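Please assemble the complex out of the two chains, which come individually in their own frames, going by the hints.
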Amino acid sequence: MKTKLTLAIILATATTAALAGPIEEQIRFRQSAYSFLGWNTGKIKKQVVDHPETFNKDYVAAAANAIAAVANSGLGELYGAGTDQGTGWKTSRLKPEFFQKKDEVTVVANNFNTAANELAKIAATGDVNAIKTQFGKLGETCKGCHDLIRIKE
Amino acid sequence: MKVTVRIWDFPIRLFHWLLVLAVVAAYVTATLGGNLMDWHGRIGSFILGLLIFRLIWGFIGSTYARFGSFLPTLPRLAAYLRGRWYGIGHNPLGALAVFALLADLSLLVGTGLCASDDIAFEGPFYQLVDDESSRDKLSGLHVQAFNFLLVLVALHIASIVFYRVVKKTNLVVPMLTGKKEVPKALATTVIGGGVFRFLTTVIISGAVVWGVWEGVEIIKPVESAPVTATPPSF
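From first to last, the protein sequence lines are chains A and B. Each residue of the first sequence is one higher than the one before, counting from 1 in this note's numbering. Each residue of the second sequence is one higher than the one before, counting from 1 in this note's numbering.
Treat the hints with caution; some may be incorrect.
Claimed, not checked - Below 30 Å or equal to it, Euclidean Cα-Cα: the simulated DSBU-like pairs (lysine-lysine) are: (1) Lys-184(B) / Lys-168(B); (2) Lys-95(A) / Lys-152(A); (3) Lys-121(A) / Lys-90(A); (4) Lys-179(B) / Lys-167(B); (5) Lys-152(A) / Lys-101(A); (6) Lys-152(A) / Lys-102(A); (7) Lys-167(B) / Lys-90(A); (8) Lys-137(A) / Lys-95(A); (9) Lys-152(A) / Lys-137(B); (10) Lys-137(B) / Lys-102(A); (11) Lys-101(A) / Lys-137(B); (12) Lys-57(A) / Lys-137(A); (13) Lys-137(A) / Lys-137(B); (14) Lys-57(A) / Lys-102(A); (15) Lys-132(A) / Lys-57(A); (16) Lys-95(A) / Lys-137(B); (17) Lys-137(A) / Lys-101(A); (18) Lys-137(A) / Lys-152(A).
It should be emphasised that the hints constitute simulated quantities derived from the structure, not laboratory data. Nothing here was measured: the structure is a model prediction, and the numbers come from that model.
Same shape as in the complex, but just chain B (with noise of 0.2 Å):
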């Protein structure tokens, strides 16, 4: 007997989708470079509230949602790997693979406020940074946290194509309409979530990534642009 559980909320499918097109923007504004450099900026800025949003979501959003929910604890590992985890949701596995993805993505903005390209972009965060071979690592590491992106971004596609090869599993569409099939025993009902807590969660991630660049200007007043009409005569 199965029945449809609604396991992933619309805030959740909207920020999975979202971040992989800023993502993808992203990687492609910085191979591109030039003027679109600024873009690059603006798509980590948004990547960076995303990730406040889940970070939030994480604990107020519905059930399957809630990192408390799936914790890839050792037990709960233990039990997967022997084949005797039972459940819906994240699985210990692929919890652990949540985390790191998260873990990366937060390093890769964190380092990517303070890094510069050394030809016509710096970060939010690159002045507060005094110095110089720190600045370096800071923008050498933005791009080691990419390249281990693509290691688990590889090792997420791989998963999925397992799931659907081999457990005859469809990962996809329930990322798309949220809803799977579960047997019956295992349905539990859906709790939290909701229009109000995400509207809210939404304003704060917004104001968070709107703080960043402007608080930035409070604590280290990046010196603004000559206004003077005429340039020094020497």
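Just chain A, same shape as in the assembly (with noise of 0.2 Å):
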């Protein structure tokens, strides 16, 4: 019993690890990730809505292409079992209500995919007052996630 116990700890451990490394990582993979978003979407804030007249199509095009691929590369894999708990660069924010709330999540997660992928879209056309609607319908999606699973300090 305490055997086969043991082996499904290990099984369970080493699949999470084969999938996107052991929790430690995933937390730094994902923070990584966030942090490589904001300076992205930083770049559009500045260009797009604080100094429009700064507007470089090809930058934020760039920008915007960014911040798509991060959302279209599986984040969800970083978000295994038990990394609730630990620090990455830093302690995670992630709230342990994160795994109780699968469906919401998915629902918040599919969301910001779907305004990023249509940010990308928009940003090709280079239109700045569409690029700025679609950079706010962006930031609410990203709320979406804070209020639902990120921890207020």
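Dropping the structure here:
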């Protein structure tokens, strides 16, 4: 019995590890992903919202494509069991409820992906106002996750 | 024998109702998020201006607007709780609530200036806080200060209802008209305030808010948007 349990734990751990590495590594990867997203949303904010006179179509499109690429990379894989506890670059702010709210999480996460892909599409047109509107919608989807599963310090 | 006294001067009433509107607007914009966060920042700055206004008006406004006239000192509080406080304007317990509200709103505005939603909004002082965990804590404190504000507002409204129902006193009408009927024995001459002081206070408050947004560029210039015509080639 005990051996079976140990075996099950080893198997489970091994599967998780094979997918995205141990807990700390998953947390580190996802924190990196979000800070890279932050760099790119910051670039769009500056050129589209704060200083539209500096708008550069290629620059903004590159940032929007990077955001879409991260969104489409399958971030869900980095949310393995136990990753609400642990430290990557810093302590994770994932709420333990994440694992009970899988359905709601799926909805808000898909909203983000859809909005990110739409932003990339619109950014390619170079229409500043349309980009600004979609950028705001993207921000709302970020907030969807922050409100649902991110600990407020 | 009752006489009508102008207990709340026009600037105080304006301050009160603009604050109500601004707090509601700040809550709505923060809840909806997205591009409205920029408006949240602007409304927050407006609230900062209102608080500075109130601070100054607490010294040069008319009688019942002055902090000195309603300091909730222990003797006053004790007298009030024993039912032996007689006066007009804020009673000692209400005064406690006034100072608590102003202090919490100051904390809310102060932390908001340093906060970020980790999406696309940064308060004007966010870049001045170097340490990342302090940044996170200040943003978190902003949320907690708001939750505490809800408690204070609930108490505020509950007291108004209590006065209306139990003590048969309407507190809302005087906050609209400024006038209140009081026993003649308690009525004192209202002094202070005035148009010139009001306008001066408005200008000072506006100047401070402007300084908060512009001055930060002088202390620590935020890197401006790249103006290069072409992005890097790699």
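How the hints compare with the structure:
1. Distance check on the hinted pair: Lys-184(B) and Lys-168(B) sit about 19 Å apart at the alpha-carbon level, within 30 Å; holds.
2. Our distance criterion of 30 Å between C-alpha atoms is met by Lys-95(A) and Lys-152(A), whose separation comes to about 9 Å.
3. For the hint pairing Lys-121(A) with Lys-90(A), the CA-to-CA distance comes to about 34 Å; that exceeds 30 Å, so the pair is violated.
4. Distance restraint check for Lys-179(B) and Lys-167(B): the Cα-Cα separation of roughly 18 Å lies within the 30 Å cut-off, and the hinted pair is therefore satisfied.
5. Among the hinted pairs, Lys-152(A) with Lys-101(A) is consistent with the structure: their alpha-carbon atoms are about 17 Å apart, no more than 30 Å.
6. Of the pairs offered as hints, the one joining Lys-152(A) and Lys-102(A) holds, with about 20 Å between alpha carbons and a cut-off of 30 Å not exceeded.
7. Proposed proximity of Lys-167(B) and Lys-90(A) is contradicted: the alpha carbons are some 55 Å apart, above 30 Å.
8. Among the hinted pairs, Lys-137(A) with Lys-95(A) is consistent with the structure: their alpha-carbon atoms are about 24 Å apart, no more than 30 Å.
9. Distance restraint check for Lys-152(A) and Lys-137(B): the Cα-Cα separation of roughly 9 Å lies within the 30 Å cut-off, and the hinted pair is therefore satisfied.
10. For the hint linking Lys-137(B) to Lys-102(A), the alpha-carbon distance of about 27 Å falls within 30 Å, and the restraint holds.
11. Proximity of Lys-101(A) to Lys-137(B) is assessed by CA-CA distance (about 26 Å); at most 30 Å being required, the pair is judged to hold.
12. The hinted pair formed by Lys-57(A) and Lys-137(A) meets the criterion: a straight-line CA distance of about 19 Å does not exceed 30 Å.
13. Annotation: proposed proximity of Lys-137(A) to Lys-137(B) holds, straight-line Cα distance about 26 Å (limit 30 Å).
14. For the suggested pair Lys-57(A) and Lys-102(A), the alpha carbons sit about 37 Å apart, so the restraint of at most 30 Å is broken.
15. A distance of roughly 13 Å separates the Cα atoms of Lys-132(A) and Lys-57(A); the hinted pair therefore holds under the 30 Å criterion.
16. For the suggested pair Lys-95(A) and Lys-137(B), the alpha carbons sit about 17 Å apart, so the restraint of at most 30 Å is met.
17. Distance restraint check for Lys-137(A) and Lys-101(A): the Cα-Cα separation of roughly 23 Å lies within the 30 Å cut-off, and the hinted pair is therefore satisfied.
18. Restraint check for Lys-137(A) and Lys-152(A): satisfied, since their Cα atoms lie roughly 22 Å apart, inside the 30 Å limit.
Violated hints for the displayed structure, listed by number in ascending order: 3, 7 and 14.
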